[in-house]
Structure formats: structure tokens, C-alpha cells
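Residue numbers (our numbering), protein chains in the order written: chain A, 26 to 342; chain B, 2 to 359; chain C, 1048 to 1477.
Careful: at least some of the hints might be erroneous.
Unchecked claim - Heads up, incomplete: computed chain B residues facing chain A, CB under 10 Å, no partners named:
1) Leu77
2) Phe271
3) Leu274
4) Val331
5) Leu334
Treat the hints as calculated values from the structure; they're not laboratory data.
The beta-carbon is built from N, C-alpha and C at its ideal position, and this holds for glycine as well.
The residues making up each chain are set out below.
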Amino acid sequence: MLNDIFIAPFVDMVEAPDFLLQVLWEGLVSGILYALIALGFVLIFRSSRIFNFAQGIMVVFAALTLVGLHAMGVPAWICVILTLGVMFVLAVTIERVVLRPLVGQPDIILFMATIGITLFLIGLGEIIFGGENKVMITQELGIPTGSVVLEPMGGLLILEQQDITAVAVAALLVALLLVFLNKTRMGRAIRALGDDHQAALSVGISLSQIWVLVWFIAGIIALVTGIAWGARAGVSFALEVIAYKALPVLMLGGLESITGAIIGGLMIGMMEKLFEIYWGQPLLGGNTETWFAFVLALIVLLFRPQGLFGERIIERV
Amino acid sequence: MLYRTAGQFKTSYQADQALFPVRQDAALLAIILAFAWGVLPLLASEFAFQTLLIPILIYSLAALGLNLLTGYAGQLSLGTAAFMGVGAYACYKMVTLMPWLNPVVAILLSGAFSAGVGVAFGIPSLRIKGFYLAIATLAAQFFLVWLFEKWGWLYNYNASGAIQVPNLTMFGVYVAGPQADSRVQYYVVLAVVSLMTWMCINLTRGTLGRTWKATRDMDIAAELIGINLMRSKLTAFAVSSYVVGVAGALFVFMWRGAAEPNLFDIPLSFRILFIAIIGGLGSIMGNYLGAILIVGLPVVLGTVPEALGLPISSATVEHLNIMIVGALIVFFLIIEPHGLARLWALIREKLIIWPFPH
Amino acid sequence: MTRLTRIAAAAALGGLLGTAALAEGLSTPNLAYRTGPFAATGIPLMNGQADYMAMLNARDGGIGGVMVDFSECETGYSTEKGVECYEKTKSAALVTQPWSTGITLQVLPKTNIDQIPILAPGYGFSPMADGKVFQWAFNTPLSYWDGASIILKHIRQMGDLTGKKIAFLHLDHPFGKEPLPYLEMKAQSDGFDLLPIPVGLKEMQNQSAQWLQIRRERPDYVIMWGWGAMNAGAITEAVKTRYPMDQMLGVWWAGHDADLKLVGEDGKGYKSVSWSFPNPDAPVMADVKRLVIDAGKSQTSAEEMEGVFYSRGLVISAILAEGITVAQEHAGTPDITPADLRWGLENLNLTDARLAELGLTGMVPPFSTSCSNHTGHSGGWILEWDGAKFVKASDLIMPDTDAISELEQAKAREYAEANAPWPVNEDCES
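One chain only, chain A, in its complex shape (with noise of 0.2 Å):
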């Protein structure tokens, strides 16, 4: 028993050194979806203090509406911009009807208020594009397919493309979104109201603005984890249910930390699947991946309250 959980994985790893790199691999290349999801949570969180449920449903909600327009005969780059300005209209719309209203009210309320408009996005995308699994347009958005076969050590390792394609997309997004928070006026305006709203407001931030755009550029994160996983698994409903991965990402990154959310993702993504790889499948009847990234982050937790990377919250009374 000890020898199963203490020593025998470790000497599969070293055995099959090849095998552990493509366990890795594909733990980084989740991992990196997980952190997009993630980044859209961190966002919203930090400008308004909203835990965004939706971010998930707005995840298939791009998708679909991208797979949708092409599908009507739209090229597939003006299906992108005219996919942005759905996100758009979503962002303001939010805003305009649930948001404002909700201004100043508990957290758990506007919590709620998101998991509403989860559903509500659920029911829209069914009607409007119907349940059924789609293929990605990913070829026609010149992404490459294929796949690069290395074999490091005699062994193998298979890197998919796409795979390729969406670290190298995301991790160009997630530079271009540190440049616009720190250098840009805007990026300014959205980190100041999420550090003191009242502060924020007398100096002239427009509330309202800002939230519309933060909404839109989760809209954009949303759009590009979209079409990365929709490359891997097809455009389908059930997508939805990987936003529940970026929570334990969220515990343990810090619900306001960039960095947290980046590097949290990454963490989690290889360490579920190490750990399903050389403990789940063979002691526990696989499928640990539901729940270790959430356990792993709760004992993070119960030693650092405020996650690797969260602000110290400190109480005053």
C-alpha cells in the first residue's frame, strides 16, 4: 500500500520520462483554459466585487455565436468582430438590467443575480442555436491543426497544434491585458475602482462605464477560451460545466490576483493530472479530477486564508 502511494508512481514517472512530459503537457494546456476562466472571474471580481457565475455560460455563448454566424455563411474573421459586438451588447446589457439595479446589495444577491443570468443565457443558446454538439471553425480561423511529434529521450511526445496555437493566444492575451491594466487610462480607471469604489467614483470614474467594459473584455477572455476548447472537444453545452475548474483555481490564486489566476491555473492543470494519472486511475478508481483541484485548495486554504497569491485580509473592528 505505502509502497503504491509513496514509491511506485515516482518510479513510473522516471521510467516513462517521455509519458510524464505528455501528462504535464496536457496538464499545462488545461491549465491554461483554466487560468482564462479564471482571469474573466478576476476581472469582474476586482472592478465590482461581483463573484461572476456566468463566466462559464458566456464561454459557450461566444463559441456558439461564432459556429453560429459562420454557419450562416459569414467569413470567418467577420464572424469574430461580429461575435465581439454580440459580447458587447451582452456586456451593456447586464449592465443596464441586472447590474445597475443591483448596485450596493449584499454579495451573495449579486452572486445569485449571476447564476439568474446563467440560466437565462442557457435557454437563449438553446433556442437561438440548438443543443447539439458543433465543430469548431478552426481551420477557417487559420488555426493550424495537425500535430508535432517529438520524441525526447527515444520516447514520444505529442503536441497538438491547436494546442500550441492557444498557450501561445493566451499567453499574448494575458501580456496585452497587464499592458492595458497598468499603462492604459482605462486599465487605471478599473484597478482604482477595485481598489475603493466611493474613491474611484469622486474622482470621476464613470461606474457604469467601467463595468461595461470589464464585462467586455471578460466577453473577449471568454470568446478566446471559447475557441480553444471548442478546438479540442467540439461547441456544446456541456462546456459550461468547465467554469466549475476555475473555482478551486480562484481559491487558491486569490479572487483579485492576476498573477494568482495565471498561476493558479497552471498549478492546478498539472497537478490534477498528475495526480490522476499516477494516483487516481490506479488506487482510486480514477475520475479524481472532479474534486482534487477543490480539496487541494482547501488545504491550501486552511494555511493560507487568503490563497498563494490573495491580498492579507486584515479585520478591523
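Starting from the structure of chain A, add chains B and C where the hints point.
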């Protein structure tokens, strides 16, 4: 006019603090109870029992359990369904291992297992708060559902991995399983739910309830006035999980008749959370109002197109249903964030002074 | 009172008192799912079912002169919704078509009391084949255990099974676990290694962990019990990990054209067992096209019509319609009761000649049922994906009925004991 409180004088604090300071409240409750015990079961069809009456009661109880934790003690939980599952599986194991056990006793006992698991998963609440805690309760949600799936002993190694309620009798009458009559099941559910509600009302009005409320309102202040936060939070988890576990056992044994692990997955948790929030956090009655809305609405909506003769396919109706429920949640949160219970409180206040508002 | 509130009140009252509008004709409600993660595979099947009944109504004026009322109740593959649908439709229904193993398991004990037959063609609980115990349940023409047996037989044709390693990639759900008892039994008797790999409902679209396991274990064959979004996920991952497609075999629900179209040429060689096959030249297809699709009475697209699943939907309705016809002849009246229909479904005899008469040539293997045999064990074909569509890759393969019926009876007995008191029909011959 009917609700006039004139002439009802209170001469002691005890009378002022009574459960029904206004006589009409008690009368209203008596009418509702008479309806629930006497009139509805006579009128209702099999369909009404199975899709409205029994589920509304069970969902109310589950929401009540969650409300104790979230509404009274201020600890947000997203893992309700998993604790219902613990209750259901515990009950299943008990009745299959000890077939002589009275089913109602088994149902009431199964809550104890759920309470134990609830306390274990409540321990993180001592360190973390708010959304972090909410996500932490998701750990319970996902882990327990996985366990129901993987631990063969729990479902007696059935090939399908599902649990099937056997025929159970009490005093010679079938109360659970395929042979049981809906009316009998309704009465069992009603009895258990009434008992639990009575218990919860008293708990929340007593020392424990006040301790929870203090913890919810400001934990540091509560600690300063000598409340043991650890005890307060863990008792909240225990009592809440007990009620939720009993609701879970009722859910499977008195209503569903069979259950597979993913029944207890996150959509059910959210459903119960909706009920608690739309009904009103920190209210007992709200759970019933919320359950009537959330359970009843889709059933009613489902019959509307047919009644109007609209040619809409059942799938579209279902999609519209989801949309409407989503929109209604947002709508209710906007017009009355404190839920239906608060709405009723406002109506009641108006009624008391009606028709002379000055 | 405004009009709207009046309607709402009427609806609420109607719901409470259960006075649903009385259906006219032969009520054969379908607990369909056109929503949710399984909708992709569900929609063509439900379209096929509905179109066949619509065709009968248009061509023959229903069955035996009575129109068929084929209504759908949406379940979204949720067991809870399914039970609600069952309760809602059962007052007028001749039959229950539960469309999910989970719903079937839940409704199974209730039908015994409500006395409405369950028709679960090619799904549900395999021991339902034992008609003595499951008097009201039918899973024609093949059960999951039959399917597993046909797949193993096909593999055996390619070489001995002893010492081979067979991975069983399945949905972690009652449906996916259903064939396990049979496969475990065969693994012992035939000396192969069985490696069950579950795919959680949340992981259907991201099966990289499962496929890493397959890469590590290098099984000789992968048998796939997939459904909905899981199929597309598995096939894409298989292509990605370079798993040889010709060593991958799926159950009939894992042979959906749209899933394979995602990978196209790369999926060449993938096989799936099936008890139905599209035959565009069959007379019934022409009738459906002319009377239903061209008449605009259907949601079916031309592409969908060519698929395996659509034709399977047609076959499912054809089996039900045949059951109704037989029942009408036996009862001597076109207005049959559920009990009559049970007799009809127990006395199906779909010979080649009868299938030709119905215009279903080549779309389903001939089979017959009896009081004690509620499945029929028709046998099935192995279909192979040729890069653009499924083609037949084998002759009709019969399941290993002897071993299966023994297991069926044992498990059926177990079920009856666990659910005592459970009425058993001892009058059946054999």
C-alpha cells in the same frame, strides 16, 4: 380589516415575544395546516402529489436546512445536494442492512450521518469566509458525489450504480417503494417536515439561533461578547446538515424511489439555494414560498402553451422555462432582495393598517 | 381578473387536479431530450421517431384507422424531469418511452403498478429481457449485454482473446455501467484482461486523462460505451493519441455520424455495433420524405436523414407501431389498452417478409419476442466509418444468447428479491 390588531393587548414580555403576537397569524397558519392535512390530499391527483405537493415539501425542508446555515449563521454553502446525498445513502444502507427498522426512524437517523459529514466539511469555515468558503463547500459537493459513484458498498454493488428504494412498510402500510400510495407518502413527508419546521423555529428563536445570528452579523463582535465561534459555526453546520440529510432521505425514499449519484450534483444544490434566496434568507416561511415558486413554476409554465393552444415543441417550452426561471431570479433579486418572505411581511404590514392607513 | 392571470390560474388548477387535456387517438408519449449535453445524439433519434408516426398518420390515417398522438415531453436527460413527464403523461399513455437508463430504472417499478409497458429499444436494464420478471418492460431488439457480446464475438473473429487487454471506456452513469457484469463474466471465462475506464459526466469533453491511461496501458482493444458529448470527445482524443482506429469499437449509441464527422478521414476504421442501418432505398424512407419532410411537418434536415441515428429512430417507432398493430388484431378493436399493447409487444414477429411489407428492408434484423423473451436478441451488424459515412463491415452477428440469458435470469431474480413483493408471471412457456 381582517388583520386588525386593535384590541390585542400585551401585558407581559412573554406575550410580546410569543411566536404569534398577532392572533390572525395563528389563525392563518391553522387554516394553512388544515389545508395541508385535510383538504389538499382529498383534492389532489396522483400527478399533483408527484410533481407539486411532495416535492414542494421536500425542497422546502432542504432549503430550510440550508437557510439555517446561510441565512441564520451566515455561512454560504454550495454543497447542499451532496449532504442530501449523504442522508439518502445512509438511509439506504440502514434499511438494507436492518430491514426491520421503522422507515421513518431510519429517515430521521440518516440525518445524523449527514450532520457528521457536515461538521467535517464545516471545519474550514473556522479559517475562511465568504466566497472562499462557498468554493470550499464545493469540495464537499464534488468529492461526495464522486464517492457515491466509486464506493460500491454504498449502493450494495448494484450493477447500475444506482440505489433503488425497496418496498418498506410501517404498521402494515407501504410507505416507501413502488407499492406505496402517494397519499401515504405525502402524509409521512408532511409529518416529518412539520416536525422539523417546528424544531427549527424553536431552535432559531432560542440561544443557539441567537448565537448564530450574532456570528452572522459580525463574527468579531460575537467573539467579544463571549460567543465561541467554533461552537457556533460547527453547530450550525451540524444542525443544517442534519435537516438537509433528512430532506435527502425523504427526497429519495418518499419521492424519487431511486437515485443515481449525479442526482446529487451541483444543479440540485443551486436549485435549493435559489429557493432559500428567493424565499428569503433568515426566514423560515420563505423556504416554503420559494419552493412553491421554484418547483411549481416550471410545472405551471409547462401547461401554458397547451392551455393556449400554442404550437410550441416541448423542447422550446423547456428552454423558455429555463430562461424564465433565470429572468425571474434576477427580477426577484431586483425588486425584493430579501425574498418573498419580506414581500409577505410588507403585505402583512399593509393589511394590518388597511383600510385606514393613518 | 386580467386574461393572463386567468390563464395562469386555470393552468395551476389544471395542474393540481391533473385534468390534462385528453389526448385523442393512440397516445404514445416520448420522453425526449432535445436539450442538454446529450441533445446532440438525441435529436436525430427523436426526429426519426416522430417522423415515422407522422408518416403513418399522413399515409394510413394512423394505425388501424386510429391516429397516433405522438407527443414529446422534454426531459433534458434528467431523471427528475423524466419522472415528472411520466406522471404527466401516464393517464392517457399506452406506452412509456423513457429514453435514458436512469429514467428507465426509476419508472420500471412504477409501471408494474400502473400497468403501462415500457419500451426501451436498445437501452435500459439488460435483465428486462426476462419477461417473467419484468412483465411490463421491453428492450427490443438487443440489450446492452447482447451488444457487448456481439462486439466480443467480432473481436474474436480477428484473433484469440486469451491474454489480450481490453479497455472498457464508459460513461460513469447507469448506462455506461450496464454491460460491466457481462464483460466481467466473459473476462474470466475467456481469459482476457478487462480494464474499465470511467468517464465522468463532467469530463465527457475533456478526456485527456482517460486517453493518457489508454496510452500507458496500451490495450489491444477499446470498447466504448459512450453517449452524447462523450463520443466526440473520445474519438478526437483517440485520433490525437494515435490509437489505431480499427481497434476501437463502440456500442450503437456511440456510432453517431455527426460525432465521426468531427474527425472525418482520421476516424476511418472506427467501428460500432448496430441493430439498425440506414437504407435510403427502403420504401419507408421515400414515404417519410414525401409525406413528412417535403410537407414541412418535420424538424429533420436532409443531412440528418442519411444518418444511422435517424433511421434508428424510424425503426424504434416502427417496432412500436407493429406492436400496436399486433395488439389491435388480438384485441379485435383499434382502440387498445396498455395491457393489449403489452400483449402486442410480447408477440412481435418481424420476419424478413413482414419487414419488407412495412418497407423496412435492411434497416433492422428480423426478430421475434415472446412472453418470456422481451428483447428478441435480433443480432447486429458491425458498422465501420469509412471517412464519410458508416458502412456495414460484417454480416449479422448473433449474441451469445445462452450465457446471457443465464445472467439475465440471475440478475432479474436478484432485482425481484430486492424489490419484494414483486409479481412474477409464471404462466410463460419455457
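Going down the list of hints, with the structure as the test:
no. : hint   : result
1   : Leu77  : 6 Å, holds
2   : Phe271 : 6 Å, holds
3   : Leu274 : 7 Å, holds
4   : Val331 : 4 Å, holds
5   : Leu334 : 5 Å, holds
In this structure, none of the earlier numbered hints is contradicted; all agree with it.
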